[in-house]
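J.: Given these sequences and hints, build the entire structure.
Heads up: the protein sequence lines correspond to chains A and B, in order.
My numbering applies: residue 355 is where the first sequence begins, and numbers increase by one.
My numbering applies: residue 921 is where the second sequence begins, and numbers increase by one.
Treat the hints with care, since some could be wrong.
The following label-pair restraints were derived from C-beta to C-beta distances [what the hints assert, rightly or not]: (1) A:Gln-1124 - B:His-963: 53 to 63 Å; (2) A:Leu-536 - B:Glu-1037: 50 to 60 Å; (3) B:Lys-1004 - A:Asp-461: 37 to 47 Å; (4) A:Gly-371 - B:Tyr-934: 25 to 35 Å; (5) B:His-963 - A:Arg-772: 27 to 37 Å.
A few chain B residues facing chain A, derived, Cβ under 7 Å [claimed, not checked]: (6) Tyr-934; (7) His-965; (8) Val-1018; (9) Cys-1023; (10) Ala-1040.
Hints are computed from structural coordinates only; laboratory data are not their basis.
C-beta: ideal position from N, C-alpha, C; glycine also.
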Amino acid sequence: MTEYRIIGQSLPKKEVGDKVTGKSKYSGDILFPDMLIGKILHSPCSHARILSIDTSRATALPGVKAIVTHEDTPLIRIGRTVMDRYVLAYDRVRFLGEPVAAVAAVDEETAEEALELIRVEYDELPAVFDPLQAMEPGAPLIHEGLSSYECLAAKFNPQGNVLSQGMFTEGEIEKAWKYCYLIHEDSYRTPPVYHGFTQPHETTAAVDASGRVTIWAANKAPHLLRQMVCQALNLPMSRIRVAPSTVGGDFGGKGNAHTEPICVLLALKSGQPVRLTLSRHEELTSTFLREASVTHLKMGVSKDGDLIALQGKVVYDTGAYCDVVGGPTASGTSLLGLHRIPNVVLNAYQVYTNNSPRGQMRAPTSPQVAFAMESHLDMVAWKLGIDPVEFRLRNALEEGDILRGQRIMNPGIKEALRRTQEYLRQNRGEAKPNQGWGVATCDYGGMAMDPSGYLKNAPLESSAWVKLNEDGTAVLITGVTEQGCGPVTVMAQIVAEVLGIGYEDVSVVSSDTDGTPFELGTSGSRTTHRVGLSVKLAAEDARNQLFEAAAGSLEVSASELAISGGRVHMQGYPERGMSIGELATAAAITLGRPILGIGSALQKGIGSALRKGKPIAASKGEEWRDAPQHGAHAVQVEVDPGTGQVRLLKYFACHDVGFALNPQNVEGQIEGGVGFGVGYALFEEVLIKEGKTLNPDLTDYRLPTSCDLVDIDTDIVEIPSISGPFGAKGVGEPSNVPVAAAIANAVYDAVGVRITQLPLTPERVFQAMQLKSGGNA
Amino acid sequence: MKHNITLRVNGESYQLAVEPHRPLVDVLRNDLGLTGTKKGCGHGHCGTCTILLDGKAVNSCLILAVDVADRNIVTIEGLAPDGKLHPLQEAFIRHGAVQCGFCTPGLILTAKALLDENPASGPEEIRFALAGNICRCTGYAKVVKAILSVAQGRGKE
Chain A
355 MTEYRIIGQS
365 LPKKEVGDKV
375 TGKSKYSGDI
385 LFPDMLIGKI
395 LHSPCSHARI
405 LSIDTSRATA
415 LPGVKAIVTH
425 EDTPLIRIGR
435 TVMDRYVLAY
445 DRVRFLGEPV
455 AAVAAVDEET
465 AEEALELIRV
475 EYDELPAVFD
485 PLQAMEPGAP
495 LIHEGLSSYE
505 CLAAKFNPQG
515 NVLSQGMFTE
525 GEIEKAWKYC
535 YLIHEDSYRT
545 PPVYHGFTQP
555 HETTAAVDAS
565 GRVTIWAANK
575 APHLLRQMVC
585 QALNLPMSRI
595 RVAPSTVGGD
605 FGGKGNAHTE
615 PICVLLALKS
625 GQPVRLTLSR
635 HEELTSTFLR
645 EASVTHLKMG
655 VSKDGDLIAL
665 QGKVVYDTGA
675 YCDVVGGPTA
685 SGTSLLGLHR
695 IPNVVLNAYQ
705 VYTNNSPRGQ
715 MRAPTSPQVA
725 FAMESHLDMV
735 AWKLGIDPVE
745 FRLRNALEEG
755 DILRGQRIMN
765 PGIKEALRRT
775 QEYLRQNRGE
785 AKPNQGWGVA
795 TCDYGGMAMD
805 PSGYLKNAPL
815 ESSAWVKLNE
825 DGTAVLITGV
835 TEQGCGPVTV
845 MAQIVAEVLG
855 IGYEDVSVVS
865 SDTDGTPFEL
875 GTSGSRTTHR
885 VGLSVKLAAE
895 DARNQLFEAA
905 AGSLEVSASE
915 LAISGGRVHM
925 QGYPERGMSI
935 GELATAAAIT
945 LGRPILGIGS
955 ALQKGIGSAL
965 RKGKPIAASK
975 GEEWRDAPQH
985 GAHAVQVEVD
995 PGTGQVRLLK
1005 YFACHDVGFA
1015 LNPQNVEGQI
1025 EGGVGFGVGY
1035 ALFEEVLIKE
1045 GKTLNPDLTD
1055 YRLPTSCDLV
1065 DIDTDIVEIP
1075 SISGPFGAKG
1085 VGEPSNVPVA
1095 AAIANAVYDA
1105 VGVRITQLPL
1115 TPERVFQAMQ
1125 LKSGGNA
Chain B
921 MKHNITLRVN
931 GESYQLAVEP
941 HRPLVDVLRN
951 DLGLTGTKKG
961 CGHGHCGTCT
971 ILLDGKAVNS
981 CLILAVDVAD
991 RNIVTIEGLA
1001 PDGKLHPLQE
1011 AFIRHGAVQC
1021 GFCTPGLILT
1031 AKALLDENPA
1041 SGPEEIRFAL
1051 AGNICRCTGY
1061 AKVVKAILSV
1071 AQGRGKE
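T.: What follows is the structure, given as structure tokens:
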């Protein structure tokens, strides 16, 4: 095992001093003396034509400085993948809560009063709220021109209200059922849920004298935000700067351009800085929630517990507007990423309805289908009389297995399951009434590679620059945004490691669209892997330039040099060298240019470097799936027989992260993901009836508190990836994937009821127990 | 109709003219520029606006500024006045209890109020005291450990 100085250490985060003292500036902390308050007028109808908008009375209200409607925008549809919405509704509204107009006024009270003075005439249209109904012929059409919409997704095959659908087949399932000893069928439902970050969507926008707009946004992908704002308002990128600010949690909900273009419009029209903050009511009714789902599974096994056949149908409600097209593909991975199943038919659908829009949220589509799959596997194990962990181990994929045409590399699932078994052995103890244990696993992420080592289908997502200061300290310039999971820290650690300097010697410029290269965003559990790779390559490039500069002065070849202790020196002879500062200062002469390391996540030359470490031969043309993010959880619960309330007693979470660049950060991501998943499992549900949200505030939308959670035992597995920096994979999202199923499985073990709908509220659990005991509980 | 009041914040006195309906959180953030106190919901649900009022942890979004004139208010900015971090701030750093940081000021002040009253608080008391502070990033795991480490250190004194 290689010894590293800086990476692999649990170093404190770069910005933590500012966070504990209240010095960090979030996007709502930027103050201007002449700042106005912006507020949005939302549609009261679920589906309607807009006949007229009259803002005259609102404009006349003293203190109102600007009002905007679609008339203030170029009528361009925007979206993150499918361009299906306008910044402000044009001729139709498609959900209750859709932005129709916005006001900027001297204070919040005036802005709210102005909203009430805006008159909008609607002509209501028939609406549909159930995705299964929306799929039927004759259902009200939500997007009439859908097939003419521009879409960035690889698969775009809309039909009626079905935005996208996917099918995967393997083997011959109709024949396969005959060979099954046991067949189990069931349906699982999950509700829409909310990201619940403590920092709401708050945007501040200011225009300077030349007409250039600066945006401080609660957004983790500023380069994409700039792109979407420019597209929506038909402005060149030179006129927009997204400035860095601390982001208070994201979980997938701060990657779209929803309120930001509106805030910019108000700033441009009023000529003053504007702050636009969403209330929790607006958050819960008009932002992109996690898609609700219905999953139907039919699974067949042999008597010994070999998986033979799986038939699945998943329907996602994507609401009135879609954030990212791709549920069908992703759900395939979650259902199929862990086990050998020779016969599969999987159909998945992403369907528009007149509910509020749906989008990315921590491991999009995975917690939904993992709840279904992991609950289902458990029921099959119970019916066969096989231990649920043994059942999963028996069928788990191994290195080299082929799944969906890809060869699986470095899977961690078996190791995670073995460690879970060991934990259960040590902690299970005697069975007590109403107490039970449940296990569930997860698969996420992974990189498609071809055997030559090139990452496939990976456009230039991340680049980084490493600049050397005259005293030998370094500046890392990266587009990545810190939203809490620690990327800025880990990137600084990588630079320090490669350049042989201290962690404190690396400062980071991040997130600013003016000063940093394009970055896809802190998302998809790709940041350590992709951004980390670009940073490592940039630091290595800087190092190579230092070697080049030193080789001449020291009269040796670059291959004889090493870098450590802030110096470039002959390998084995640290005294024969020069300081990094000297070399950086002299580079103008020795190299004819300043030293600037450049790295990109997709780069020529990776191929030959990786080929050396290639573990097995692959057939020509075959793809690999590198860096799968596998994990296994075990949870002990206690169910109150009188109320159905589920209480956590113990929680164990084991994840394969490839290499833990900062172990404390990795633990934090696992623990946070568990907390997130517990909310999904037990408390959270956006209740919508006929398009109207019944619980649009944090009293009735129940986020987990410190009393709902327990200490979490984490275990980190390190099976290195091929392409990640230092073998790293990812962990931010998979940690929340298995939780709901693990808890549902524990409830089954405790009281013998199988709940197939989330969340496991006391009512649902109690009613199930009543039914089971024939009403005599 | 503005009221002239004196607010005592972090040991300093501020003469202000504020309308009676304005919550303390808005006056602290916008009038005094003390943005360390956050406004996560405005309705007393999330706890990110927590400040200490005469030593007790309260939601400043549920208090009218005019009602707390001449009372002793401490915000997160008042915890390390000379740059020397409070043991709780140090513990949060050491234990990795800070991710996005938006809930951190509220958590630290709530913990301070708890430990000032009950220095040897155990894990259950800590979890109960934090129930009014939502954290979405950490699962509370390292937050509880950080506060416990300070409680256990103090308990030995």
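J.: Tell me the numbers of any earlier hints that the structure contravenes, in ascending order.
T.: Structure breaks hints 1, 5, 6 and 10.
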